[in-house]
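Kindly produce the complete structure, drawing on both the sequences and the hints.
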Amino acid sequence: MGSSMASSDLSADMEIDAFRRLFPVQFYERHFVKSLRPDARTLNAARDTTVALGAVSSANGSALVKIGCTTMLAAVKMEIMTPSTESPDEGNLAIEFHMPPICSPLVRPGRPADAAPVISKQLADTILSSGMINLKELCLVSGKAAWMAYLDICCLDADGALFDAALLSAVAAFSNLRIPVVSLNDEGRVFIMSEEMEEGKSKREPVNNELRKLTLSNIPFSLSCVLHKNYILADPTAEEESIIETSVTVDCVALTKQRVQELQQILSEAISDMEVD
Amino acid sequence: MSTKAGAAPSTYSPSTQKKKPQKPTFNHSNAVRSDGRGFYQCRPAYLRTGAVNAAGGSAYAEFGNTKVIVSVSYNPESVTVSVGQYLCTLFWFILHTGTSQASGSPLRFGPRESKKAMMYSNVGRLNCSVSYTPFATQIRGQGSEHKEFSSVLHKALEGAILLESFPKTTVDVFALVMESGGSDLPVIISCASLALADAGIMMYDMVAAVSLSSLGPNLIIDPLLEEECCQDGSLMFTYMPSRSEVTQLAITGEWTTPKIHEGMELCVDASKKLADIMRSCLKEADSPSNE
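Chains B and L are the protein sequences, given in the same order.
In this text, residue positions in the first sequence follow the working numbering: the first is 1, and each later residue adds one.
In this text, residue positions in the second sequence follow the working numbering: the first is 1, and each later residue adds one.
Since the hints were derived computationally from the structure, they do not count as laboratory data.
Remember, predicted model here, so these are calculated numbers, not experimental data.
Among these hints, one or two may not hold up.
In silico DSBU-like cross-links for lysine-lysine, where the CA-CA straight-line distance does not exceed 30 Å [stated by the list, open to error]:
| id | chain 1 | residue 1 | chain 2 | residue 2 |
| --- | --- | --- | --- | --- |
| 1 | B | Lys144 | B | Lys121 |
| 2 | L | Lys259 | L | Lys272 |
| 3 | L | Lys273 | L | Lys155 |
| 4 | L | Lys147 | B | Lys121 |
| 5 | B | Lys34 | B | Lys66 |
| 6 | L | Lys283 | B | Lys66 |
Chain L stretches covered by chain B per the calculated footprint, using a threshold of three residues with CB under 8 Å from any CB of chain B [to be verified]:
| id | segment |
| --- | --- |
| 7 | 43-54 |
| 8 | 126-133 |
Stretch-level coverage of chain L by chain B, calculated; a stretch enters the list once three of its residues show a Cβ under 8 Å from a Cβ in chain B [to be verified]:
| id | segment |
| --- | --- |
| 9 | 63-71 |
| 10 | 176-186 |
We put the beta carbon where it would ideally sit given N, CA and C, even for glycine.
In structure tokens, the structure reads:
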């Protein structure tokens, strides 16, 4: 432990920033001993979380989520497609996670981030297996037309716990989703009605007047934790993630239960705020 | 997202001294556009710095429905090249001389630093990239990089930056269009110049950009997406007000000389006002009351 000896000798007459950069592990461990983290959180506290719904008007549903500095923008766009023959009364859901170069200095244009496809897959698995969205609700005319929901999540600022923020923004975007009104034309094809047509200038009957919102059951929430020696850190920042060598755990830990309640609170507040406006 | 705080004016419409009688053509009766603006009225501009924490400098711009985030990263250490790398570079250079040099295509392999070392220069370099989110446009796209906008952004900014103040280094400017609502490019340019200022990169002046559309006999400033779709010609103008210098001027379509004159006057006035808004945004971010 030569380096740790050296660091403890040096730390007395070294500036904090220099110490943090040169001996990051020791820097963090000194905080952990006092059950604190450099940003004044306790070990199992998550960062401040905000949800803003309807951030992008070109999408059918969208949400901007911030967990600390990590920022995610999620948007759902609906398109009409022909359902597959195996499941004629089900729509489909495509989930993609993007990390554009603005989000982190580690991402370069033309070279996609390594983490992006991993999180993309995790998100798709979580959302589809949780049964949050009933794919049958995305059906318009059985065997003929159904909704294809494209969920795109863009990371605007990457500062740790990307999966948590991405999942929360995905859930929030779906709760903000307003399904467009569709109608049948003379050839029996389904098309999306424009706004003037909705206001009664068209004699065509809308097909899906009742079903304009999806019912979300079993909403998944997550909390990422990192383990460093004996300390479990909830909701790590990018710096904490980079320093701590042990793996990341997501979902269903005892800590998450408390966090889920917090997040449900935040999400329902955001939804009720939207309805007041 | 929210309205602009503070006393700074949030619109930058040019003053029209010689207001000509507008012939109500197109579908605008009484010279009112689909969003209720007059022909010479700009959308309210909302600008804010410090949007992305991970970046050296960043800015967010919202002009009507056009929403853009720009982040600037400035890392001098990324260009220091070791001797070994330099030899590799030389080798790589010999291998590839004359093939990929002129094409400017992105490298598929090889260290990024070597490319910079290859084109050694004692002035700084600027690297711009503009991309769209998949949901930015009405029809879902791929969310890929927009090559044309990237090069225009580069040209518009390089004249304003004091490149000789940071030799051997590269400044990266990344723009992401979150929502496209018309006049995307001018918003990107103005936002990028604000982000550069936020990053503390030396510039001669802020670059303010404005675009015009020519629709029949009329000129409309700061066009919306649907107006851009049916325009006869467009004019994009980027300007440094305190030096009265134009860094970029792009005109497409059919324009008569008096119309160009009129358009330029409108643009100069609008960009001056926009630059004032940008300046007050920087001052606001710097004032201790906001911290």
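Going down the list of hints, with the structure as the test:
Between Lys144(B) and Lys121(B) the alpha-carbon distance is near 29 Å, which keeps this suggested pair within the 30 Å criterion. With a CA separation close to 20 Å, the supplied pair Lys259(L) and Lys272(L) stays within the 30 Å bound. Of the supplied pair hints, the one linking Lys273(L) and Lys155(L) holds, its CA atoms being roughly 22 Å apart against a limit of 30 Å. At most 30 Å may separate the alpha-carbon atoms for a hinted pair to count; Lys147(L) and Lys121(B) meet this at roughly 29 Å.
With a C-alpha separation of about 27 Å, the suggested pairing of Lys34(B) with Lys66(B) holds against the 30 Å cut-off. Restraint check for Lys283(L) and Lys66(B): satisfied, since their Cα atoms lie roughly 25 Å apart, inside the 30 Å limit. With 4 residues carrying a beta carbon less than 8 Å from a beta carbon of chain B, the segment 43-54 of chain L meets the three-residue requirement, and the given coverage holds. Only residues whose C-beta sits within less than 8 Å of a C-beta in chain B count toward coverage, and the segment 126-133 of chain L has 3 of them, enough to reach three; the restraint holds.
Residues of the segment 63-71 of chain L with a Cβ under 8 Å from some Cβ of chain B number 5, which satisfies the need for three, so the listed coverage holds. Closer than 8 Å: that is the beta-carbon criterion, and the segment 176-186 of chain L has 5 residues meeting it against chain B, so the requirement of 3 holds.
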